[in-house]
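Trainee: Please model the complete structure; the sequences and the hints are all you need to start from.
Each protein sequence line maps, in turn, to chains A, B, C and D. Mapping to numbering that gives the first Met the number 0: the first sequence position 361 is 360, numbers consecutive. Mapping to numbering that gives the first Met the number 0: the second sequence position 325 is 324, numbers consecutive. Mapping to numbering that gives the first Met the number 0: the third sequence position 371 is 370, numbers consecutive. Mapping to numbering that gives the first Met the number 0: the fourth sequence position 285 is 284, numbers consecutive.
Think of the hints as simulated: they come from the structure by calculation, not from any bench. Backbone N, C-alpha and C fix where the C-beta goes; we use that ideal spot for every residue, glycine too.
Lysine to aspartate or glutamate pairs mimicking EDC-like chemistry, simulated, CA-CA at most 16 Å apart:
| hint | chain 1 | residue 1 | chain 2 | residue 2 |
| --- | --- | --- | --- | --- |
| 1 | C | K331 | C | D320 |
| 2 | A | K287 | B | D320 |
| 3 | B | K287 | A | D320 |
| 4 | B | K331 | B | E318 |
| 5 | D | K287 | C | D320 |
| 6 | C | K331 | C | E318 |
| 7 | B | K331 | B | D320 |
| 8 | C | K331 | C | E96 |
| 9 | A | K331 | A | D320 |
| 10 | D | K331 | D | E318 |
| 11 | C | K287 | D | D320 |
| 12 | B | K331 | B | E96 |
Okay, the calculated beta carbon distance ranges per label pair:
| hint | chain 1 | residue 1 | chain 2 | residue 2 | range |
| --- | --- | --- | --- | --- | --- |
| 13 | A | E146 | B | D196 | 50 to 58 Å |
| 14 | D | R335 | B | Q72 | 21 to 29 Å |
| 15 | A | E146 | D | A44 | 53 to 61 Å |
| 16 | B | L370 | A | A40 | 40 to 48 Å |
There are 4 protein chains.
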Amino acid sequence: MPSSFGTTLRVTVFGQSHSPAIGCVVEGLPAGFSVDQDALARFMARRSPGANRWSTPRREADAVQILSGLNPQGATCGAPLSCVIANTNTRSSDYDELRRVPRPGHADFTAQAKWHGAQDVAGGGHFSGRLTAPLCAAGGIALQVLEARGVLIGAHLAEVAGIADEPFDDGSGSGQQLARQLASLRDGRDFPVLDDDAGARMRAAIDAAREDKDSVGGIVECAATGMPAGVGSPLFDGIESAIARIAFGVPAVKGIEFGAGFSAARMRGSQNNDPYGMDEGGNPLPLKNDAGGNLGGITTGAPVIFRLAFKPTPSIGREQDSVDLEQGTPAKLSVRGRHDPCIAPRAVPVAEAVMALALLDSWLSFPPDSL
Amino acid sequence: MPSSFGTTLRVTVFGQSHSPAIGCVVEGLPAGFSVDQDALARFMARRSPGANRWSTPRREADAVQILSGLNPQGATCGAPLSCVIANTNTRSSDYDELRRVPRPGHADFTAQAKWHGAQDVAGGGHFSGRLTAPLCAAGGIALQVLEARGVLIGAHLAEVAGIADEPFDDGSGSGQQLARQLASLRDGRDFPVLDDDAGARMRAAIDAAREDKDSVGGIVECAATGMPAGVGSPLFDGIESAIARIAFGVPAVKGIEFGAGFSAARMRGSQNNDPYGMDEGGNPLPLKNDAGGNLGGITTGAPVIFRLAFKPTPSIGREQDSVDLEQGTPAKLSVRGRHDPCIAPRAVPVAEAVMALALLDSWLSFPPDSL
Amino acid sequence: MPSSFGTTLRVTVFGQSHSPAIGCVVEGLPAGFSVDQDALARFMARRSPGANRWSTPRREADAVQILSGLNPQGATCGAPLSCVIANTNTRSSDYDELRRVPRPGHADFTAQAKWHGAQDVAGGGHFSGRLTAPLCAAGGIALQVLEARGVLIGAHLAEVAGIADEPFDDGSGSGQQLARQLASLRDGRDFPVLDDDAGARMRAAIDAAREDKDSVGGIVECAATGMPAGVGSPLFDGIESAIARIAFGVPAVKGIEFGAGFSAARMRGSQNNDPYGMDEGGNPLPLKNDAGGNLGGITTGAPVIFRLAFKPTPSIGREQDSVDLEQGTPAKLSVRGRHDPCIAPRAVPVAEAVMALALLDSWLSFPPDSL
Amino acid sequence: MPSSFGTTLRVTVFGQSHSPAIGCVVEGLPAGFSVDQDALARFMARRSPGANRWSTPRREADAVQILSGLNPQGATCGAPLSCVIANTNTRSSDYDELRRVPRPGHADFTAQAKWHGAQDVAGGGHFSGRLTAPLCAAGGIALQVLEARGVLIGAHLAEVAGIADEPFDDGSGSGQQLARQLASLRDGRDFPVLDDDAGARMRAAIDAAREDKDSVGGIVECAATGMPAGVGSPLFDGIESAIARIAFGVPAVKGIEFGAGFSAARMRGSQNNDPYGMDEGGNPLPLKNDAGGNLGGITTGAPVIFRLAFKPTPSIGREQDSVDLEQGTPAKLSVRGRHDPCIAPRAVPVAEAVMALALLDSWLSFPPDSL
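Mentor: Right under this line is the structure:
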């Protein structure tokens, strides 16, 4: 089921970049939860294009219309929640030749290898980054459910074009430092970094890439605080498997790491192991959090933290080498249209959606046994 | 289904470190394939403990007994293939106090948070690295099926304790350089590196860690050549999602990246995009392979390449801080027993098994449309 | 995933009787298939209410709007096909007290036991027979795909109020008798029976029940010709399991049988076994078809035939005994609104949709091995 | 996943009639449950062959060996429970020609159409009724878990060769009559009927069929008391869908009905609807139980009751018409070996296993919302 994921909380995403609409179905939401549709719209706005100069000029309201799953009082009713987002700004003619001359770094070539011409190439079709909008709609609701359970999720640009933001604290101990960081990201700032100076340099790098008809990549770091210990499952439905499977469904993601991640591979065990201690209330907890909040696929009670590597936007104005698949000859290609020279800023809420959907599904599917 | 994965090729892994046996069930293997049980035994031997001084002294034959799924001629018969591996060398008394004083870096604490004492703590129970044996049994068969289809898979220690091996060539162009590398890894060498000098330094670092009652981590790089273009699926069942979901079910994995991976995040689009050209036979192909062999979750025809970050073995002889969960007090703990001071060497065939199972399932579940 | 089914062809149904819309998502359709939307509309019309006097006066166009999954040429493009049907005629006030005083034979009571008030009771919510409309939308497309592969599916009212229609021939031998029966059901008749006289008596029985403010049940028989031998799977994903799982998701179904079904339980083996012979082309085939076209969950090449028992419409105008769940007292209830006094006639295309979805998914998921 | 079923409680069955062993893996059992292995052995004995003259002379202990999933105290530990049953009495030579001349009523022909010779034909391979042994092992454990939660499950031969037993009371009202019936089936009787006289006539009919080298069919009725209201799910994962999907995985099942079943199709709504009333404790309940304990796929609190139609054993000594698939000619066939002339008696515990696995999975996957 390529466009679905989840066990109890099951999300199915549908739509193409230029189809009449895109949307999702979410099965398994707890019944009786009042969805805050205004908060959902604000969350969607963080991902939507056209909000600022770092983003594509394609403007769409990305208004989420909920078609089912709520009772007349606006609360979830036990039936699948479905929603659609209209595609209002479609210019299919921009894309007519993509089936013939595939864009490097896009799925044009692989879609042709798979479907031999039946695929919808306009705007990238089902592969479009636009499909992260319904993922955010589902994730935005999951975020609300988790928040009601005491879980806060936030993400920032850990890196753009090699320029690093202040990293997240690992959330161990009192967790106040990470809490402050997450709070500051919610203060209405229009660029999701902790260090404003780093943010200014990132924006300059993005502008420079645009001027060069080029693009840059970035790394998004995401944290969730407040998860109880004991959520998840050993082996292939663990917290990391659940997050990673969804994350690699987000276009342009090329890597993921949890906690110390790749740098753990360079540590000794005595450094990497998180020792246990007691908190002020006498409860056991890890004294640091290189594990990224889970061991053996099950939450430790410390914040769950991951980083996603986003490659630079493959759509660039520069001339590139490609092939003419019909004529079997080399061909030059310059991607027309306007695209984000860096997708990482708009991917920040997407990372939050991924975290929320994976954690809520894990909680519903694999909770701690009741005592 | 925490201990299962796959769509058409579905693998269910069972067993605990010290249960009577461990094993797996593999549904969906193509019928009529003759399993080479000797080759399977040789593959298992690469993962098995005790083969050399870098490994735990716990010796077990890891003989795979196939209980079902073959016809009298030894070929797959369409029914689920099941196999078991006896646990012959169990010393449960080593582990009696783990439920009370959890080992840092292990799942003892999270298992207690989830199951409140019902879990089998001996040897790590269902979380044990020993569960990679049945994963390798399933993967070893998948490797054979793929090899018959022209797909070769190999892995090496890209890094141990910060010491780097020669990296895999990206396999673009004629692919001869990567083919040579994969062939050299199959020449019977007992330490899976391309650069023998780097290998010697890695072994010295592992020995040094053992002497310090400590451990080191590593990075395993895995490549698959010969996959046709067009295998896989957009979004959440793409090649990367399939591999990542299984990979994070392997104990100690903390990160995964494909192709250029995290370094892609520091590139410009003009660098990272893989341009297309024509091979000698007039077929289009990517001229380089920073994508790691897939775009939009679908194979490009270039080799699929990933890297896995393994944390250092959490079981170390050094005294560590933990807690006594019964008494609610801090406690000191030194892990007794003998353990690999670096698990990465034995994880090399595990990475190959992960690759094989994910690719074969993708091929069976999401093949290119027939023309 | 309560509102989804299927392995490769996966259908997710959403909506409540009075939500803004109902609809479905269909993953896994073969790419490149041109959907005939006019034929789909005609199929939907057979299920839609208000077409005649045997049906509820609630009239809705049941126009299927396809939101995604087609390329600009109107063919399937490999991405999930999604469609919605607007709910235009909703009168929620009819249903306000159902949460308090549950209707016998409906899911009002069980929904309350499950969701404690959060459920959407209007019109039966997610339990409404109206949810068979998106099921028919998905099934109508599957019927077209199967027809292009040489499979014809038809159903009729085998029984209404105890009055029997001419039964389907079992399709063995030349299959001409069953082919004639299926053809006659496609001749535009407005009441799906083979024996017009029996049909007239059925309609009289339905009218009589309506006059009595009561309802009657019926049995729908469905056949599929043209399936090749070797489709399906042993055990729990066999043809019968696949059909039955979907069929019991259709409201009011209380039984299913295949081939000789319950009467097979009263036969001897020498009667019930279908002997094999050779057809004119020298191919083996069963000489009769008490097996209903499958053995061991795998098609024999003979027609697949099942019968579904539909209980009488639970909504009746007669006064019934119920309880007031708020006050904890007995209560009388008469169901207001207009309802079909027999749902079996409108269930005939629903049975065809169930057959089509189960067979197409089985064919895509569990085809005969390629030679 | 043809040999698996279930959502939270997931069962995978493996083995062929003459493979070294058969077995199953059960994921998702609640942790901390002490399995009573003696009770499990007694349950298995009810299904095992050779216990009496109504059964095949093939005698096997059917001893269940649990390989994993228990902690040292014998309680479930959160990891998958796996078990194997050795195949000790195999005579493959009996079956050598089945690939060439398929037995009517068996899956020999369809297996050949699917796998073209790779299938394991010995003893029916993966299609053998012997695969109900691991299903009973899984179900026997589920029965114990349910019994600890207050649910009792029992089944009887409602009909053999057209001879009817006393039917189950529908369990409404006090439920004492059904409770008495279930208790009497547990009193050690060797033939599972309520009416001993009917049982004697059934046995005579079975003996007569054996003497005629023929076989007879039967109907098994199964009831579960004590399920709370609110378990299950609308649409395709409802109670009836869950039971039916598993039931049709049992060899020889050709029909299933719930509550009034097919006879409901001949009732009026005023007859079939179950009115609600209050029990002595002031709780609402259905006053009769034609619904078979569920409405809209969700339990009502009344007993869940179904009936399964078993066709007569297809293996009969009489000469039958078949074909020689190699030579493409008609052929005569007489099934050698000894087989049950009626499988229904041994199917009684299998029906209980089906009920238990479906209900426990529904309860774990789709419980009533917590208040």
